[in-house]
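*Asks:* Take a look at the letters that make up each chain.
Protein chains: 2
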Amino acid sequence: MLSFTSLTSNLIEELIQQFGPEFIKYDADTIEKYSHDWTEDFHFPPAAVVFPTSTQEVSQIVKWCNENNIPITPAGACTGLSGGMLPVFGGIVLSTLRLNKILEIDKRNLQARVQPGVINEELQQAAAALGLYYPPDPSSKGSCTIGGNLAHNAGGIHAVKYGVTREYVLSLEVVMANGNIIRTGANVLKNSTGYSLTHLLIGSEGTLAVITEATLKLIPLPKYRLVLVASFPQAALACEAVSAIFNAGITPSALEFMERDAIVFGYQFLKLSDKIPDEVQAQLLIEIDGNYPDILQQEAQQIGEVLEKFQVSDILFADTPSAQNEVFKVRRCLGEAVKGTTIYKEEDTVVPRAELPRLLNKVKEIGKIYGFTSVCYGHAGDGNLHVNIIKTPELSQEQWEIEIPKAIREIFQFTIELKGTLSGEHGIGFVQQPYLEVAFSGVEINLFNNIKKLWDPNGILNPGKMGLISG
Amino acid sequence: MLSFTSLTSNLIEELIQQFGPEFIKYDADTIEKYSHDWTEDFHFPPAAVVFPTSTQEVSQIVKWCNENNIPITPAGACTGLSGGMLPVFGGIVLSTLRLNKILEIDKRNLQARVQPGVINEELQQAAAALGLYYPPDPSSKGSCTIGGNLAHNAGGIHAVKYGVTREYVLSLEVVMANGNIIRTGANVLKNSTGYSLTHLLIGSEGTLAVITEATLKLIPLPKYRLVLVASFPQAALACEAVSAIFNAGITPSALEFMERDAIVFGYQFLKLSDKIPDEVQAQLLIEIDGNYPDILQQEAQQIGEVLEKFQVSDILFADTPSAQNEVFKVRRCLGEAVKGTTIYKEEDTVVPRAELPRLLNKVKEIGKIYGFTSVCYGHAGDGNLHVNIIKTPELSQEQWEIEIPKAIREIFQFTIELKGTLSGEHGIGFVQQPYLEVAFSGVEINLFNNIKKLWDPNGILNPGKMGLISG
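Same order as they appear, the protein sequences are chains A and B.
Residue numbers for the first sequence follow my numbering, beginning at 1 and rising by one.
Residue numbers for the second sequence follow my numbering, beginning at 1 and rising by one.
Keep in mind the hints are simulated off the structure, nothing from the lab.
Honestly, I wouldn't trust all of these hints.
No copy labels: a pair is met if it fits in one copy or bridges any two.
Stated by the list, open to error - Here are the simulated EDC-like pairs of lysine to aspartate or glutamate, each with C-alpha atoms no more than 20 angstroms apart in a straight line:
#1 Lys-107 / Glu-240
#2 Lys-223 / Asp-294
#3 Lys-275 / Glu-240
#4 Lys-217 / Glu-417
#5 Lys-453 / Asp-289
#6 Lys-345 / Asp-261
#7 Lys-25 / Asp-278
#8 Lys-107 / Glu-417
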C-alpha cells in the first residue's frame, strides 16, 4: 500500500496561513459532505477539504500535497456512481465548488470556456439562451459538474445521437501533480498535432492531473422535440426493437429502456397513483429532435411502424416540453429511487446495441443462479444497461458480500464476450476495481500504471482508484 | 541521435528463412516506392520493405526489429502530407498492403472491422452498399488507407458535420514494440473503463504501436445531397460567410474554401477551358445532406440568403451526383495540382472557424514581408486552411531554405494566438517537427517523450518523427 503523511493540525495551520481561512474547512458537516458520493453506502472521511478559487491556487495546493506526500482527491458535486471522488486514503479533498464560472460563451465559434465546478445544467441553460446546445447530460445534470463529467467521460440520454463528453472537449487546462499548469489541445474542431493529452485525460478520473478549465464545443440547438413512450409485453421485445429503429435509418436523440420493476420503483418514488397495466413489462422512451416539425411527425410514424413488429401494446406521444418532462421524470429519478428504497449495487454494463437482449437475458439468468433480483434500465440506444442488484431480505449478508461479486464478475465476463465492457459512463472509480482484470490483460494494466507514474510519480492524485497500483 | 543496427544481407536472409521470400522485398522499385510519400520532394530509402499478412506476422517482425535494434516504419499508401511514413533512419518499412481486408460489416450494430491496409474509399463503398456511411474521407480517399487515417487522425471534407477519424474508432488491435498484441477499447458507443489507450494511439503516427485492426462506427447513409458553389469578389468575404452559415443554425456536410489562385491551379491541372470570371476571387463549396429533399431545398435557400450579405456574385446549384462530383473534382485535385506544377511547402493550419479571415489575411501579409506567393484552400467549415507556399522564380534557394521557415514559424505563431494549432489533419510527421515548440511547452514535449518511452523503450517504431527525442 502507498504510505501517505497524515494531515496534522500543524499542516492545516500552515495551509490557513498560506491561503486564508476560507480556503480550507474541516468542520464535521464539510467532512461528512465530502466523505461519500452517490455510490452505495461508502464512507471515507477526508482530513480536510480545500476550496480553491483559481488555477493558481489549485497549482499551489497540489504542489504542496506532492511535496508533503498527502493524497489529494478532486471532487465536484459528489454525485458519482463509481466512488470516483471517495478519499479512500483520507488526506485532502479538492472541491471545485468555487471554480464555478462559465468564463465565456463564444457564439461566433460555438464554444464555451468553463471552470470545472460549473453545473452541467447551468451550462446547458446558458448555451440554450443563445440558441446553442451542449448535449452531454447525465441524469444528475441538475447537480453534477462539468469537471466530474470530464473525469468520467459522462454520457447521458442524448449521447445516442450526439455523443459523450469526450466528443465535446476541444482543449483543457490542467494542473499536474508537481504543480505544473499545462494547456492541452487547441480550440479547434480537428487536431493532429502531437499525442492527444486531452483525450488521455478525459476519463482518467482525476488520477493524472486536476482539470481547471475546459473549452467545449457547442452545436446549434435543435428547435423541436417529440417523445414516444412505447410499452411492450416482454422486456426482450423492447430491447430488440431498439436496433430495428436504427436499422430503419432513424437516429433518435434519446432511446431509453425501463423494465417493469424499474417503472414500479419510479412510480413509487414519485408517488404516482396511476396503475401500470399488467401487460406492460417494459417501456422504451424514444425522443427525436430536429428543426422541422413535419419531419418529426413523419419519423414518429415510421418508428410506430417499426415498433408494431415487436408487439408494442401502446404508444403515447408527448409533443409539448411539459409532457416530455413528465415522461422523462420517471426515467431520470430511477437512480435516486432505487438508492432511496433499498440496498443495491449498480453496474454500468455496455455492449454493442444489438446485443442488448442477450445481455438482459443473461443478467436475469445469472440472477436466478445466484438468487438475486435486479432492476434494469438505461440508455438502450447506446447499449448501456444499468443493472441494479437489489439486496432483498432473502440474501444473507454473507451472500451479499461473497456470492454477489461472483455474479457481477459473470455479468462482466459476458459483456466482454459480447465485445462490450465494464462501464459505459460511470467509470471504474473505487467500486469496479476488482473487475478490471475481466476487461484488461496484464499488459494493459501495466501500461495504465506506467502512464499514472509518468504524471504522478508519488501517487498523490486520487489514490486507490481505477485499479492502479497503490503501493 | 539514436544509433540503429544496419539491416545487413545476413539479417535479410534470416527474415527470408523465417517468413519466406514473399514477405520481404528490397528490389529497386520497391525501395523507390517506399522512399517517399506526397510530402514535398523528400526521399529516404529503407533497406527493405516487409509485407505481413497477419497480426501474428506483424508481431513477429516488430519483435525481431526490437531485438535487433532495427528501425521499423509502418506505411500504408504513402499519400501522407507530413512525411509520416518516411523511413528517415532507413531500416524496415512495414507495408500494410497485404493487410487489406474488410473483415466484417456488422449491419445490426453499425460497425465495420477492418485491417489497416483497407483503402478508405473501399470501406465507404462497402458500407454504402448496405445503406451505411463511414464519413472520414481525405482528398486522397481513392488511395489512402484506414491505417494511415488512424495514424494521423485524418479529417476530410465531411468532418465539418460528421467529425474526424477519432470519432469513428471504437476499438483497436495493436502490436507493441516488444511484439505484445493488445486490444484497446470495446465495440461500444460509450466507454469509461480505464485510460483511453485507443485515443492515445489515434494520431500517434505509428510511433507508439502498429495498428493491425480497427473496429469503426458506421452511421446510416444520408439519402440526399445538394451542393452550392458560391463565388465572391474577395477571399475575406468568403471566409466571413462561413461562420454566418453556422450561426444561421445550418451545419453543412461540407464547406470548402478555394481562393482564386487555387481555382486557377485546379482548372489548369484538369485542363478545363472555362474562363474564371475576373470578379471571382474565391469560392465556397457548400454541401448539405439529409433524408428529405424538400428540407435540403429549404436550407439551400436559407444559405443563399446568408450569402447575399457577403456580396456573393454567383451561386451555382449541383443537385445530381455527377454535377456534384464535377464541382468537387476541382477541390479534390488541388493537392496534386499544386504538387504537379511547382515546388512548394504545404502547411495544415487550423483555427477556430470564425478566425479564418484573420488567418488568411495574416498569411498574405507575411507573404508580402517574406516575398512568397501562397495558394490557400481547405476545409473552411473546420477552420482548417491548407497554405501552399510556392517556390516562385523570384525566391533564391537560400531564401527558400532559411527565410521561408521563419515565415512558416510566424504563421504558426499566429494560429496559436488565435487558439488554433499547427496541424488539423496531416500530422506533425517529419516536416512540421521544427515548429512543435511553437505549440507546446517543454513540459508537454517532455510528456510526449516519456509516453513514447513507455511504449517503445528502444525507439524503433517510426523514429525521427513528431519531434520526439531521437537520441
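*Asks:* Now look at each hint and say whether the structure bears it out.
*Replies:* These are the hints, each one checked on the structure:
no.	hint	result
1	Lys-107 / Glu-240	between (41 angstroms within a copy, 14 angstroms between copies)
2	Lys-223 / Asp-294	both (12 angstroms within a copy, 18 angstroms between copies)
3	Lys-275 / Glu-240	neither (26 angstroms within a copy, 58 angstroms between copies)
4	Lys-217 / Glu-417	between (35 angstroms within a copy, 19 angstroms between copies)
5	Lys-453 / Asp-289	neither (45 angstroms within a copy, 47 angstroms between copies)
6	Lys-345 / Asp-261	within (16 angstroms within a copy, 64 angstroms between copies)
7	Lys-25 / Asp-278	neither (53 angstroms within a copy, 71 angstroms between copies)
8	Lys-107 / Glu-417	between (45 angstroms within a copy, 19 angstroms between copies)
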